[in-house]
Structure formats: C-alpha cells, structure tokens
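Participant: Sequence:
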Amino acid sequence: MRKLLVLAFVGLAAQLVDGALGMAYGLTSSTLLLLAGIAPAAASASVHLAEVGTTFAAGVAHWRFGNVDWRVVGRIAVPGALGAFAGATFLSALSTAAAAPWMAAILFTLGAYLLVRFARPLRTERRAGRLRSRFLSPLGLVAGFVDATGGGGWGPVATPALLVSGRLEPRRVIGSVDTAEFLVAGAASVGFLIGLGSEGFLLPMVLALLAGGLIAAPVAAWLVRLVPAQLLGAAVGGVIVLTNARTLMRALDLGAGVRPVAYALLALAWGVAFAFALRALLRARRARTVVAVARSATPSRGASTAESPGGDVATEASREGTVAGSGPVR
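Numbering (the working numbering), first residue to last: 536 to 865.
The set of hints was computed from the structure by calculation and includes no laboratory data.
Just to be clear, a hint being listed does not mean it is correct.
Have a look at the derived ranges for each label pair, beta carbon to beta carbon [to be verified]:
1) L800 to R830: 21 to 29 Å
2) F600 to P795: 39 to 47 Å
3) R823 to F544: 32 to 40 Å
4) R823 to L803: 29 to 37 Å
5) R823 to V796: 18 to 26 Å
6) G806 to L570: 19 to 27 Å
Every value quoted in this text rests on a predicted model; they were computed, and no experiment measured them.
Where a beta carbon is used, it is the ideal one built from N, C-alpha and C, also for glycine.
Assemble the whole structure, with the sequences as input and the hints as a guide.
Facilitator: Shown next, in the form of structure tokens:
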C-alpha cells in the first residue's frame, strides 16, 4: 500500500512537471520504475497506459485554458502514434538484459538534453508563418518512436523543436504537445499489448500513476502560466541524469572506485547547469522590468525612439529579454 501511495505521488509530481514544461511525465515515471527494479518494457508499457488517462485529462484542461492549436495537434499526433507503435513493438522484442541499458541510455541522453536546454536562455520571439506538415510529420514520427522505446521522450523531442521554430506561442506549444500525446500513448499501449500481452502491464502501478496524474492535470494546465520553466527543466534534467547513470555504469561495468567520481562530476554539472538557468531567469526578469519602466517613461505612443526618454533603453532591454527568456515560457 505504501508503495502505491508513493507511485501516486510520483504520478502527481510528474504530471505537474509535464503540464508546466510540456515534457517529462514519461521520463520521470519510467526512471523511478526502473530504479525500483521494474523490467524496461513493463515500465514503459505501464507508464504509457497511465498516460492514456493523464494526457486526456491534460488535453481537456489545456483546451479549456486556450492552450491548444488543433491544427498542430492533427498534424503531429498521427505520425507520433505510428512511431510510438513501432517503438513499442521494438522494445517488446528485446530481452530485459538488452533493454535496460538501451532505455537508460535514452533517458540519460534526454535528461542531459534538458539540462543543456534549460541552462541556456529560452528564446520567446515569434516568427511569421505556419508550421508545415513536412516539419510536423517527421518530428512526430521520431518523437513517438523515442517515447515508446525510452519510456518517455515525446515532450523532450517535440516541445523544444516547436519552441525553436518560433511560429507558435509557447503555452500553445505545451498544450498542443500534451494533447497530441493522448493518441501517442494509446498507440504505444496497443503496441505493448500485442508484444507483451496483458501481463506486461502492472495494473496496480498504472492505477496509482493514473490517480496522481489525474489530480495534477488541471492544476498543471493552470501552472503553465506561472511556474519558472527555466528552473523546473534544469532540476528535472539533473534528477533523470543521475538516476539513469546508475544503470549505465553497471552496463559498462565501471569499477566501484570510478562510480563515486562519476556521480560527483554529474552532480557538479547539474549544479552548474542550474546556476546558469537561474542566471538566465534573473536576467530576463530584470530585462522585462527595465522595458516596463522605460515604456512608462515614454511621453507619447507616437514618439520616436530618439525623442522618447528611455527609448534606447527599452529597445536594448527588449532585445535582451527576447534572447534571455525565462520561465514560464510564454
């Protein structure tokens, strides 16, 4: 009973992170299930079955808050589902011994990517034009495959790619990716059902993760407007890197004397990345404050930059704020 309560809390925390960042529910949940000794295919299958319910709730919540672009959802969800089905079939065919390092390597890489991604300033400028199918379809296919084989990865692959494109408001990126994941999780679950059978799903764990996720989904859709994504992304990335490093070091047969050094270096890298994320967040907030003050000091809306006091400051600060970015990403 205690274990199920812990899993419910994991599901709640993972959904809060996922709803605020547009990623990391599967990464967080799968990492903790692997750490508990669950077989990789069973862990991914159970997480994806739970995600069918959590992503539906998250999609409805994001839709109610106006965070969904249905055109993007339609063009990324179907290829994502195909990729997820293929990935689930592939992972189901691997032995547990072969799958564990594979899955840990994917999770470790995605965790490292989160650290690098959120240690740097988040760009928030909008570009003209629409996202095209020739970009969205391959992105969905790759993200879906990585998601099923790694136990998570849909958000870490899809969300940053859409943010970097600059053609969609960040909160709509997160809402659209979360909504499309409903179809991706469903397709992955079907693939695992075919490959593993119903015994591949650990139903008590699925229900515990689902319960926590359902409670958190509406809260997360609201928090996407408030939570500093910069710090949250760096924190989650570090946890995923450290926890999956253990499996990788075992697979590489590193000596007992090497492991503490490796953990220390990874912890140091995490601390540095978090410090950079905090600096980027503070710089962006200062830049927005300067812009607000400079605009309030401008005497008239039609005044030129040369004539308006603080005009040059506002222009420069606005440019800095665009490059520095902050959380939440919006």
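Participant: Does each hint fit the structure? Answer for all of them.
Facilitator: We went through each hint and held it up to the structure:
Range check, L800 to R830: Cβ separation about 45 Å, and the 21 to 29 Å hint is violated. Distance hint for F600 and P795: a CB-CB separation of about 46 Å, consistent with the stated range 39 to 47 Å. About 34 Å separates the C-beta atoms of R823 and F544, a value consistent with the hinted range of 32 to 40 Å. Take R823 and L803: their Cβ atoms lie about 31 Å apart, and the range 29 to 37 Å holds.
Remark: the range hint 18 to 26 Å for R823 to V796 is contradicted by a beta-carbon distance near 41 Å. The supplied range of 19 to 27 Å is met by G806 and L570, whose beta-carbon atoms lie about 21 Å from each other.
The structure is inconsistent with the numbered hints 1, 5, although it conforms to all the rest.
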